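**Q** Generate coordinates for the entire structure from the input sequences, incorporating the hints supplied.
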Amino acid sequence: MEPELNPDADDLPLRANTNHILVRHYVLDLTVHFERKVISGSVVLFLEPRCGVKIETEGGAQPGDGANSLKIIGSQDEDSIEDGTIGLRKPMLSMKKSFGAGEGKGDEFQAVSELGSQPATEAKNILSSNLLESTTDNDFTLVLDCCDLDVSKVEEVDITSVSALPSVVRSEKSEVSSVNPQASFIQELLSLPSSQWKHKHQLFLLCSCAAGAKDGGSLHFCQDRWSLQVRKRGSASPQEFPRVIRIFYETRPTGGSVRWTKDQDDRVCIYTAGSPINNRALFPCQEPPVAMSTWQATVRAPSECVVLMSGEEQAAPTEDRDTRFSVWNYYVTMPMPASTFTLAVGHWCQVTNACSDSTFSYTSLVDEGPSINACSGTVDGSVSCSHGDYPCRFTEQSAKSQRVIPHCVFGPVSLLRKAQMGILKLLPKCLAAAHTVLGVHPFPRLDVLIVPAGFSSLGMASPHIIFLSQSVFCAGSPDSDKSGLSLCGSRMCHEIAHSWFGLVIGARDWTEEWISEGFATYLEDVIWAQAQQLSLLEMAEQSDLKALLRWRRLSDELQNSEEELQILRPNMENTGQVSESGSSTVKHGLNPDKTFMQVHYLKGYFLLKFLASQVGEQQFIEFFRLFVKKYHGQLILSQVRLCYRQFLTSEQLVLLLELLLDEPELRAATLCALQRTYTLQNRDAEVRHRWCELVVKHGHTQAYGDVQHFLLHDQAMGVYLYGELMVHEDAEQQALARRCLSLVQEEMDQSTRRVVEEMVL
1 MEPELNPDAD DLPLRANTNH ILVRHYVLDL TVHFERKVIS GSVVLFLEPR
51 CGVKIETEGG AQPGDGANSL KIIGSQDEDS IEDGTIGLRK PMLSMKKSFG
101 AGEGKGDEFQ AVSELGSQPA TEAKNILSSN LLESTTDNDF TLVLDCCDLD
151 VSKVEEVDIT SVSALPSVVR SEKSEVSSVN PQASFIQELL SLPSSQWKHK
201 HQLFLLCSCA AGAKDGGSLH FCQDRWSLQV RKRGSASPQE FPRVIRIFYE
251 TRPTGGSVRW TKDQDDRVCI YTAGSPINNR ALFPCQEPPV AMSTWQATVR
301 APSECVVLMS GEEQAAPTED RDTRFSVWNY YVTMPMPAST FTLAVGHWCQ
351 VTNACSDSTF SYTSLVDEGP SINACSGTVD GSVSCSHGDY PCRFTEQSAK
401 SQRVIPHCVF GPVSLLRKAQ MGILKLLPKC LAAAHTVLGV HPFPRLDVLI
451 VPAGFSSLGM ASPHIIFLSQ SVFCAGSPDS DKSGLSLCGS RMCHEIAHSW
501 FGLVIGARDW TEEWISEGFA TYLEDVIWAQ AQQLSLLEMA EQSDLKALLR
551 WRRLSDELQN SEEELQILRP NMENTGQVSE SGSSTVKHGL NPDKTFMQVH
601 YLKGYFLLKF LASQVGEQQF IEFFRLFVKK YHGQLILSQV RLCYRQFLTS
651 EQLVLLLELL LDEPELRAAT LCALQRTYTL QNRDAEVRHR WCELVVKHGH
701 TQAYGDVQHF LLHDQAMGVY LYGELMVHED AEQQALARRC LSLVQEEMDQ
751 STRRVVEEMV L
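Counting from 1, one number per residue, gives the positions in the sequence shown under the UniProt record's numbering.
Hints are computed from structural coordinates only; laboratory data are not their basis. As the structure is a prediction and not an experimental result, all values here were calculated from the model. In this text, a Cβ means the ideal position worked out from N, Cα and C, and glycines have one as well. Mixed in with the good hints there might be a few duds.
Once the Cα atoms are required to be at most 27 Å apart in a straight line, the calculated DSS-like pairs of lysine-lysine come out as [claimed, not checked]:
id, residue 1, residue 2
1, LYS37, LYS153
2, LYS594, LYS630
3, LYS609, LYS630
4, LYS429, LYS609
5, LYS594, LYS546
6, LYS629, LYS603
7, LYS609, LYS629
8, LYS153, LYS214
9, LYS594, LYS609
10, LYS609, LYS546
11, LYS629, LYS429
12, LYS546, LYS429
13, LYS37, LYS200
14, LYS200, LYS214
15, LYS546, LYS425
16, LYS603, LYS546
Derived Cβ-Cβ restraints for the label pairs, each shown as a range [as the list claims (entries may be wrong)]:
id, residue 1, residue 2, range
17, LEU712, GLN598, 51 to 57 Å
18, GLU538, PRO428, 19 to 25 Å
19, GLU580, LEU545, 30 to 36 Å
20, ASP322, GLY454, 30 to 36 Å
21, THR333, ALA547, 22 to 28 Å
22, ALA669, TYR720, 26 to 32 Å
23, GLY454, ALA669, 46 to 52 Å
**A** See the structure below:
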């Protein structure tokens, strides 16, 4: 049984049961209503059950998966609902222990909530997530992360008309084709190779436009504060649950995922705010990072507005003849967590070049010649991608030479001049510098938006789009000297670095945000120095100054914040672990103090800076390239092996092992990883000697063979190792020492033999 979550605590619940079923693709159809401050529309989910999952518990109950075992009368065809509306919009909520249609199964509960300032879904008496375990209903529950949304209907989508198209290739190998042809079709659609991504997205769109299933297509659902739960009667497992469902809903003006405000020209706008609750108040989704998905979206907004979004191509709006709205379409082909979906709608203008009255054109898209320390590309023909199948830029020859990707800058009219002289002037240099340092740009284009003054940080990076605060501009004239561009340039470099660390490589556990922020903070300095074309001396001076300022900031924060908020891995050895269903919590995810803390930036930065000092700056940058090459398109934990073996010298390995010898305790798993990572048994005698010392000190029996080999074949250096084997008074180690001595004593130099025999015998 999973513990009940306290909604007033500062841990953020992730309720989605991703171990049972995954959303593989979203199709959103949204309309922005500025007058009401809501977004209305629908989202279509394409689902794939996890392999081999069978949901059974004693008595047929569902295992705990972080979802309430409530029934809020939520099916559109319920007789008890007046005027076709749902329970969430009524003062009285009828709740049951089951999702049945009112047959009287289980005990009934009542919760009364006056609709008004407090949403019905936050009624005081809504039951805890544990009650689902006590239900006698045997139906599978799809649990989605959801908050501050008014869901009006959930339905199964009938894709028969799409699956019958002659252009659709059928597979005779599908295991479910004879039982459930629609499930078979969706499985084949999800499995289409990346070379057919356009056809795949066309089929997704056709399916999303299909009608709801006629017989029993309206699905039962309920909401609590943090989730939306959906059931279909008779579907007892994820494999039997519908593969395509459509959810109709509206956001709320006070929803935490989006912010309704005015820009610096006093014109209305909306943008995803990078909220601690991520996008669950924008659309029902699976929030855990492991729920990697693709998406495509249609957004309708007033015709005078610009719609910016995570998307691989710059959208060209079309006009809706029946309304005054423009229609914008975006898509992504790289699977990413739903939290990275980003939307901004406002009356912004595109910043243009100072020397031209026309719209900024994409130039300098390919390599104009070699630059200092330029790399030829992160992935070469000798290394294949380790991620799932999608159109990956790291394998495209044209992307390897594209130092500056297509980019646009948007902002309010009042800031266009500053944006022109700051962002637009520096952005190509920063992009080229990032390519020099890290190689292929993970995304094919970039928009930069100057967000309203109320934005709570200096910047935020998302796929294909960066939000920048107006605070990055110098307060003086936009024509000020280049010293006034330092904050703007360095911040852009930080956000650009997130394309590699934070987006194309992400943390599998959100509590390990140092993996993205620490790396981006370290790389910010490297990329900005490259963009400025500093000399080595100037680069070192600038780096030292920034390190000093960051150390002062970190010291102050450590003295004036709660100690438990300073821990980089608050879940410790449980980092990355989830419940049986896949649900979990983000420790301190809702703590408002944590939002303003820099500890995960700064501790991560200093850790990386220390490692760079040990192996050398240039070798450490090479490590970043190797890391990107291996892990792009994947989620990682901090336990991932940071593999230095390709460039660490023997002296550096000796130093590393000597520092480890100072540690009072090392686990066997750590020692195994150390040996495997650096192939220590194949190194020179100096390295192997320190390795043997570690083995003896920590009684690492799995590597006693390495110790024996060293004593037999490296007699010139093994004398004192005999003493270490004997001094621990471990019977197995002492037997090893005596055995080795007996094998080589006849070969030994007399003086050496006498010393060893005194220690051993």
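**Q** Would you mind marking each hint as holding or not holding in the structure?
**A** Outcome of the hint check:
| no. | hint | in the structure |
| --- | --- | --- |
| 1 | LYS37 to LYS153 | 21 Å, holds |
| 2 | LYS594 to LYS630 | 31 Å, violated |
| 3 | LYS609 to LYS630 | 21 Å, holds |
| 4 | LYS429 to LYS609 | 24 Å, holds |
| 5 | LYS594 to LYS546 | 23 Å, holds |
| 6 | LYS629 to LYS603 | 25 Å, holds |
| 7 | LYS609 to LYS629 | 21 Å, holds |
| 8 | LYS153 to LYS214 | 14 Å, holds |
| 9 | LYS594 to LYS609 | 23 Å, holds |
| 10 | LYS609 to LYS546 | 12 Å, holds |
| 11 | LYS629 to LYS429 | 23 Å, holds |
| 12 | LYS546 to LYS429 | 21 Å, holds |
| 13 | LYS37 to LYS200 | 34 Å, violated |
| 14 | LYS200 to LYS214 | 26 Å, holds |
| 15 | LYS546 to LYS425 | 23 Å, holds |
| 16 | LYS603 to LYS546 | 14 Å, holds |
| 17 | LEU712 to GLN598: 51 to 57 Å | 54 Å, holds |
| 18 | GLU538 to PRO428: 19 to 25 Å | 21 Å, holds |
| 19 | GLU580 to LEU545: 30 to 36 Å | 51 Å, violated |
| 20 | ASP322 to GLY454: 30 to 36 Å | 34 Å, holds |
| 21 | THR333 to ALA547: 22 to 28 Å | 39 Å, violated |
| 22 | ALA669 to TYR720: 26 to 32 Å | 28 Å, holds |
| 23 | GLY454 to ALA669: 46 to 52 Å | 47 Å, holds |
The structure does not agree with the numbered hints 2, 13, 19 and 21 stated previously, though it agrees with the rest.
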